[in-house]
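The lines below spell out each chain.
Number of protein chains: 2
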Amino acid sequence: MLQSKIFAKLAKEDPKDEQSLNARLLSRAGFIEKAMAGVYNFLPLGSRVLHKIENIIRQEMDAFGSEILMPSLQPKENWEQTGRWKEFDVLFRLKSMHAFEYALGPTHEEIVTPLAKKAIMSYRDLPVAVYQIQTKFRDELRAKSGLLRGREFRMKDLYSFHASQDDLEKYYSEVQRAYSRIFERLGLRAILTEASGGSFAKYSHEFQVVLPSGEDEIFICEKCGLAKNKEIFSSPETEKCSNCGQTSWKRENASEIGNIFRLGTKFSSAFNVKFLDSEGKEQLVVMGCYGMGTTRLMGVIAEMHNDENGLIWPQNVAPFEYHIVPLFSKDADLRKKIEAAAWKIFSTLQKQGIEVLLDDRDESPGVKFKDADLIGIPKRVVLSEKTVEKDEVEIKGRAESKAGNMKISDFLKHAAG
Amino acid sequence: MLQSKIFAKLAKEDPKDEQSLNARLLSRAGFIEKAMAGVYNFLPLGSRVLHKIENIIRQEMDAFGSEILMPSLQPKENWEQTGRWKEFDVLFRLKSMHAFEYALGPTHEEIVTPLAKKAIMSYRDLPVAVYQIQTKFRDELRAKSGLLRGREFRMKDLYSFHASQDDLEKYYSEVQRAYSRIFERLGLRAILTEASGGSFAKYSHEFQVVLPSGEDEIFICEKCGLAKNKEIFSSPETEKCSNCGQTSWKRENASEIGNIFRLGTKFSSAFNVKFLDSEGKEQLVVMGCYGMGTTRLMGVIAEMHNDENGLIWPQNVAPFEYHIVPLFSKDADLRKKIEAAAWKIFSTLQKQGIEVLLDDRDESPGVKFKDADLIGIPKRVVLSEKTVEKDEVEIKGRAESKAGNMKISDFLKHAAG
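Keeping their order, the protein sequence lines are chains R and F.
Just so we're aligned: the first sequence equals residues 1 to 417 in this note's numbering.
Just so we're aligned: the second sequence equals residues 1 to 417 in this note's numbering.
Hints in this document: simulated from the structure, not taken from any laboratory.
It is possible that part of the hints are untrue.
If several chains are the same, the list does not tell them apart, and a pair holds so long as it fits within one copy or across any two.
What the hints assert, rightly or not - Dumping the calculated BS3-like pairs for lysine-lysine here, alpha-carbon to alpha-carbon at most 27 Å: (1) Lys330 x Lys344; (2) Lys370 x Lys117; (3) Lys16 x Lys368; (4) Lys136 x Lys230; (5) Lys281 x Lys9; (6) Lys76 x Lys274; (7) Lys266 x Lys396; (8) Lys368 x Lys390; (9) Lys34 x Lys117; (10) Lys76 x Lys86; (11) Lys95 x Lys76; (12) Lys266 x Lys9; (13) Lys336 x Lys136; (14) Lys413 x Lys396.
Here the structure is a predicted model, which means the values were calculated and not measured.
Chain R extracted, bound-state conformation (with noise of 0.2 Å):
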């Protein structure tokens, strides 16, 4: 792709109206425009990340249940059935001028099930599993965090429908153990944190980055590493470890990445949901639900990789994997020789299915670096009148101080590796 067609100028100050490390790093570099309070606009380099955030999700839950896409638009009658069209807090209720009134899904509970009773029979049916990745909307009071809290965000959620709680228990843990794969792709360290479990369950789990701007506070034990949200926590002097028993705490703020849910009964017996045991006996469904913030995921993921100077993308989910920087010569000559090599670099990568990005802009080398440096794409290749000279590149890691030059044809081959 070419810097010149990316839709965003970079912005040469932080963005005044934006309080939050996440979204002043990402509108200065281009990938996400505020459209209003808590609602942002992704720009090319933002929607590219998002797709690979989004993808790497998609790989792993394709183990646990198939993709469908369920609606933004849900009736009212559903919440009403579950009671949660008055109780749910941050619920936008739409009105239609056609007399219709609808929630606009902040989740999709109300949706899944009543789906789910149509396609679960008998236990020979069970246990089925299905997940989408897509957009929610929740009416928050404050919107103040960046990509952390928004009134429109990307969510994936999977909903699993089980014979029996032991079954649940099983898949739980599986879910959960991929949630750690997929934190651990997206370069994220997420502890494993109890919380509280609403009406059916003790606990949920939560996981949780550390961050100075989270909106959680967690409390970790300092000998195993077990953390609890400070929803279900007493006090760091009389709360035992319920894995070690130790009461050593460290308190710290923290951001809410994923989180994995036993629903048991409570939305199966709303709708009565029931399928027919081996001995022929109606039972009710037991549920879980499991969801995971795809745009949150890519501000936290800010948040935790950069310095000074700008973004530093894990590899797995950086817009693109090389940044071209043809740094152009005052000498006619020398510029012509500096774009052809660049050119023929940008157009060989792209034709194998590389992702490049290419700097063509017209800017100086300060311009051009101080830019690359906010992006973020962590390998550079750097073309300049003594670079070119020798037919060679010069490859910069935005994250570490060791650069080094290379012959633009061996550059090439080791690029296709």
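With chain R fixed as given, assemble chain F onto it according to the hints.
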């Protein structure tokens, strides 16, 4: 994927509350499920077809602009600035509990134009274009055409920005050709149709597919094939074809699967989006927009590709490449042999990244064939007592009557290509 896990009991009869052919075909076969009027769940089969349609569009659109993602929640002020807060007849207007008002995006000129304003300074930034594939909302009075007219639906929308009308015209023609390529890849014969251009252009162009259930009426020149939407057509007696001069017209019902539109400076003037031309003079940016409904495309493909037994997907958008249908013998040993062969084929193909649906259900051959006909995967691989004894499979085309047997080892080589 296993057919027992696709979260859809196939309905044995037409769904009673669906009047449209596409919704009947797609619901019966388990691709979609109606959440309420004009709002659908896309089940595993439907979600796969939708992804394929959207990926074909993405492949063609990447040559025209960068992919972005704009929000559904849009500020009321932007819609007031274009005068469309009151004028836009199917706009969902959403009130927050916190004194905000939003438009729920039916289209994105009100978002993309202020965004472009930040990215475009000089003629050197032009032309530039961005597109997205995203969910749209329209507060339609009637929604009885299944996926052809939804209250919530998905669309690709591309927006282009130019320094001059001439540059727009050139780009417009190129998009027009790309649209034709997309529809061809999707197995649709689209008729380029002149339609109303709104207040700033003489004509826009629609791509129409002749369909008895289509909500549009078009008149097609019987000599040269040029078509006009009824909205800009006088009468078959007096209207002369602007292309060939003839006055012989055929009336057809049709469904619009794409439209391309010269916006001119309608939106750039509303948001004062200007650029400095090469002489340093300020000029309004000239815009075009190009829509394509991806869920509607799925409905139109369903209406065009079916027979009395169900759907027949074009290979490019079929949910799977192969449908493996083992017919279980009553003889336990033979059944084991058939099951083992089916699983071997299934896992071998899956490992090679070939998309396969395996009918693992314990149903009779009659039920399995009936359901396979409804689903409409074009290539079917049947295993039965007769074939397995000879280490063979029977290859059947969904559309054609010809079928043939093949050694399993030969089939696996053939499928691996």
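Taking the hints in turn, this is what the structure says about them:
no., hint, verdict
1, Lys330 x Lys344, "within (20 Å within a copy, 64 Å between copies)"
2, Lys370 x Lys117, "between (56 Å within a copy, 23 Å between copies)"
3, Lys16 x Lys368, "within (23 Å within a copy, 62 Å between copies)"
4, Lys136 x Lys230, "within (26 Å within a copy, 39 Å between copies)"
5, Lys281 x Lys9, "between (65 Å within a copy, 20 Å between copies)"
6, Lys76 x Lys274, "within (23 Å within a copy, 45 Å between copies)"
7, Lys266 x Lys396, "neither (55 Å within a copy, 46 Å between copies)"
8, Lys368 x Lys390, "within (22 Å within a copy, 67 Å between copies)"
9, Lys34 x Lys117, "between (40 Å within a copy, 13 Å between copies)"
10, Lys76 x Lys86, "both (10 Å within a copy, 25 Å between copies)"
11, Lys95 x Lys76, "both (10 Å within a copy, 16 Å between copies)"
12, Lys266 x Lys9, "between (49 Å within a copy, 24 Å between copies)"
13, Lys336 x Lys136, "neither (49 Å within a copy, 46 Å between copies)"
14, Lys413 x Lys396, "within (17 Å within a copy, 45 Å between copies)"
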